[in-house]
Structures are given as C-alpha cells and as structure tokens.
Amino acid sequence: MASLIISICILLILSYIFDITSSKTKIPTVILLLVLGWAVNQLATLVAIPIPDLTPILPILGTIGLILIVLEGSLELELNKTKYPTIKKTSIMAILPLLILSFLLAFAFQYLGDTTFKIGLANAIPFAVISSAIAIPSAQNLLSNNKEFVTYESSLSDIFGVILFNFITLNDNIGTQSIGYFVLQLIVILLITFIATLGLALLLSKIKHPVKFVPIILMIVLIYTVSKEYHLPALIFILLFGLFLSNLDEIKHNQYIQRLHPEILNKEVHKFKELTAEFAFLIRSLFFLLFGYLIKTSELLNSETIIWAACITAGIFLIRYVFLRLVKLSVKPLLFIAPRGLITILLFLSIPISQASYLVNNSLVIQVIILSALVMMVGLISYKSEISQKELMEK
Numbered sequence: 001m002a003s004l005i006i007s008i009c010i011l012l013i014l015s016y017i018f019d020i021t022s023s024k025t026k027i028p029t030v031i032l033l034l035v036l037g038w039a040v041n042q043l044a045t046l047v048a049i050p051i052p053d054l055t056p057i058l059p060i061l062g063t064i065g066l067i068l069i070v071l072e073g074s075l076e077l078e079l080n081k082t083k084y085p086t087i088k089k090t091s092i093m094a095i096l097p098l099l100i101l102s103f104l105l106a107f108a109f110q111y112l113g114d115t116t117f118k119i120g121l122a123n124a125i126p127f128a129v130i131s132s133a134i135a136i137p138s139a140q141n142l143l144s145n146n147k148e149f150v151t152y153e154s155s156l157s158d159i160f161g162v163i164l165f166n167f168i169t170l171n172d173n174i175g176t177q178s179i180g181y182f183v184l185q186l187i188v189i190l191l192i193t194f195i196a197t198l199g200l201a202l203l204l205s206k207i208k209h210p211v212k213f214v215p216i217i218l219m220i221v222l223i224y225t226v227s228k229e230y231h232l233p234a235l236i237f238i239l240l241f242g243l244f245l246s247n248l249d250e251i252k253h254n255q256y257i258q259r260l261h262p263e264i265l266n267k268e269v270h271k272f273k274e275l276t277a278e279f280a281f282l283i284r285s286l287f288f289l290l291f292g293y294l295i296k297t298s299e300l301l302n303s304e305t306i307i308w309a310a311c312i313t314a315g316i317f318l319i320r321y322v323f324l325r326l327v328k329l330s331v332k333p334l335l336f337i338a339p340r341g342l343i344t345i346l347l348f349l350s351i352p353i354s355q356a357s358y359l360v361n362n363s364l365v366i367q368v369i370i371l372s373a374l375v376m377m378v379g380l381i382s383y384k385s386e387i388s389q390k391e392l393m394e395k
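Be aware that the sequence shown starts at 1, since it is given in my numbering, and climbs by one per residue.
All clues stand as given, with none of them false.
Restricting the straight-line Cα-Cα distance to at most 25 Å, the calculated cross-link-like pairs of lysine-lysine (DSS-like) are:
id: 1; residue 1: K252; residue 2: K212
id: 2; residue 1: K328; residue 2: K83
id: 3; residue 1: K384; residue 2: K26
id: 4; residue 1: K332; residue 2: K24
id: 5; residue 1: K147; residue 2: K89
id: 6; residue 1: K267; residue 2: K206
id: 7; residue 1: K89; residue 2: K332
id: 8; residue 1: K147; residue 2: K384
id: 9; residue 1: K328; residue 2: K89
Restraint-style ranges between C-beta atoms, simulated for each label pair:
id: 10; residue 1: L46; residue 2: C9; range: 18 to 24 Å
id: 11; residue 1: L46; residue 2: I264; range: 54 to 60 Å
id: 12; residue 1: L14; residue 2: P59; range: 21 to 27 Å
id: 13; residue 1: G199; residue 2: L275; range: 18 to 24 Å
Read the hints as simulated data drawn from the structure, not as lab findings.
The beta-carbon is built from N, C-alpha and C at its ideal position, and this holds for glycine as well.
Please put together the full structure from these sequences, using the hints given.
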C-alpha cells in the first residue's frame with residue numbers, strides 16, 4: 001500500500017513539473033504523461049508486479065475530467081458585445097470543420113470498411129473533435145486573444161461533438177421524429193441549466209460552512225451524469241453555468257441577481273475557479289497517466305493503422321487551415337492547436353458494439369492523438385522561434 005501511495009505521489013509531482021515547464025519546452029504535457037504511464041507499465045511488467053485491470057476506471061476519470069476542464073475553461077470566458085465577433089468565428093471553427101471531417105471520414109469508412117454511412121459517421125466523429133483537455137492548457141502562454149479563441153473553440157467543439165455523436169448513435173433512423181426529439185432534449189437541458197445555475201449560485205453565495213466548493217462540484221457532476229443518462233446534451237449545462245459565474249459583472253444590475261449578493265459571490269467564484277483548476281489538473285493527469293499505462297507497444301507501432309492515422313491527421317490540419325483563412329484569422333499559432341485527446345478516447349469507448357467498425361481501433365486512436373500532439377508541439381516551437389527572431393530584429 002505504501003509503495004502504491006508513493007508511486008502515485010511521485011507520478012503526480014512529475015505531472016506538475018511537466019505542466020509548469022511546458023511553456024519553456026513546448027512539449028505537450030499529454031505526450032509526457034502518456035510516455036510516463038507507458039514506462040510505468042513496462043517497469044511493472046519487468047519486475048513482475050501484479051496490477052489489477054484498471055481499464056474500467058478510464059471512462060470514469062475521463063467523464064469527470066471533461067466536466068472539470070470545460071468548467072475551468074468557461075470560468076475564464078467573458079461575454080459582452082466586444083466578444084461577439086470572437087464567438088461567431090469560434091462557433092464556425094468548432095462546427096464546420098467538425099462536420100466536414102466527420103462526413104469525409106464516414107464516407108471513407110463506408111467505402112473501405114464495408115459498412116453503412118451511419119456507422120461510419122459514429123466512428124468518424126471522435127477524430128473530428130478538438131480536445132479541450134489538451135488545447136486549453138497548451139494555449140496558456142499565448143497572447144490573450146489567441147488563448148481566449150482556443151478556450152471558446154475547443155469547449156464548443158467538445159459540446160457539438162458530443163451532441164452530434166449522441167444524436168447519431170442513439171437514433172436508429174434519422175428523420176423528422178428524431179430531430180423533433182433532439183430539439184425537445186435541447187429545451188429540457190436549457191430548462192435544467194436555468195434552474196440548476198441559479199440554485200447552485202445561490203448555494204455558493206449563502207453557504208457559510210468552511211467546506212462549500214466540493215459539494216458544489218459534486219452536484220455539478222451529479223446533474224451532468226443524470227442528464228447524460230437521459231441522453232441530454234449535458235455539457236451545455238457545464239458551459240452555461242461557468243459562463244454565468246464568470247460574467248456576473250455584466251448582469252449584476254438584474255433584480256434577481258442582486259439577491260445573490262454579486263459582490264460576495266464574485267469573491268467566492270474566484271476561490272471556486274482556483275479549486276476547479278486544481279481538481280482539473282489532478283483528474284487530467286490521472287487520466288492520461290492511466291491511458292498511457294494501458295497502451296500496448298504493439299498498438300502504438302501498428303503499421304496497419306499508421307497510414308490511416310497520418311491521413312486523418314493531415315485532414316485535420318488541412319481543413320483547419322482552409323477555415324482559418326476563410327474566417328480571416330492568423331494561421332499561426334492557431335493552426336497547430338487542434339489536438340485530439342480525452343474527448344476522442346471517451347467517444348471511442350462510447351461507440352456501441354453494434355456500430356463499431358474494424359477500421360477504428362485502439363491503435364488508430366492512439367496514433368492520431370500522438371500525431372496531432374506532435375504537430376502542435378512542432379508548430380508551437382517554430383512559432384516561438386519566429387517570435388523571438390522578430391523581437392531580436394526590432395531591438
């Protein structure tokens with residue numbers, strides 16, 4: 001037991017060191033965590049340490065991590081008239097590339113995998129979603145406008161990706177009835193969001209007990225999980241709740257908001273934001289360490305899927321380049337920040353057995369995650385060197 005506790009503490013401290021040094025090294029923390037987890041597996045195998053099957057823990061950590069990461073990102077966002085152009089552009093970048101890549105991959109899986117388009121689409125969506133779990137931390141050292149763009153875009157990509165994935169996998173036939181039911185689900189989750197947001201904000205401002213933030217986080221996870229069980233787009237609740245708390249100053253003159261004592265609530269939100277960031281770091285680290293531990297060397301080096309992985313990765317960045325040009329945004333460094341990660345794994349694990357394609361497997365998922373992270377790493381390093389050269393020339 002003592003050795004297990006010591007090992008976990010050392011691994012998490014290393015994760016923290018990776019996190020604080022990533023701004024200097026430009027190496028994505030996710031790559032280092034995956035390598036570290038894989039190395040632990042190799043060491044455990046070498047010294048014959050018996051370790052139980054940890055696979056069932058992965059989706060649990062992933063779900064909690066997704067909630068905390070989207071919440072953490074939304075707590076950083078501001079909503080006012082000056083932000084509308086950014087919101088418009090990020091929405092375009094989050095939705096259209098996701099749809100185009102999903103449909104192109106679906107056609108490829110249908111044609112080459114001898115399956116239906118619907119099944120191909122279910123298997124394609126996980127590769128089309130940007131991972132906010134990797135994108136947001138990787139953008140921390142960029143200029144504020146680029147950081148804000150990445151936070152908006154990756155959070156919206158997660159939400160739209162999950163909504164589209166659930167819509168495709170949960171409906172046997174896509175038609176008027178399924179679309180009507182989907183609209184009803186959106187209305188229900190917006191109603192739940194309205195009630196839950198006001199209720200949780202009231203609790204946040206009224207609870208005087210020393211322990212107040214952990215119960216709030218537990219209730220957020222509970223509301224998300226229950227909503228997800230009823231196939232509601234629960235990430236919308238997480239995003240809107242975070243946006244509400246981060247933009248109290250914009251609505252503090254509202255009569256009902258005054259009852260929440262916004263001046264007190266703002267102080268509590270600041271503390272809540274810090275605790276959320278701490279929890280998000282912890283869960284994200286454990287998730288990628290565990291995922292790295294579960295990686296098999298044969299899956300990582302699978303030559304049968306590497307061509308698929310390279311083509312998918314190339315498609316991701318080619319489509320992204322086109323849309324960055326269309327919405328008139330600077331290509332560098334935004335082009336490179338389109339990693340696949342936690343959300344890709346979660347959606348892949350959620351594909352029903354009846355809708356699985358033999359073309360999409362652990363090897364392909366791992367390779368796309370690694371390749372997209374490597375592209376991001378190389379891109380950010382080259383961008384940093386360009387900025388440094390410009391600064392030297394100006395001096």
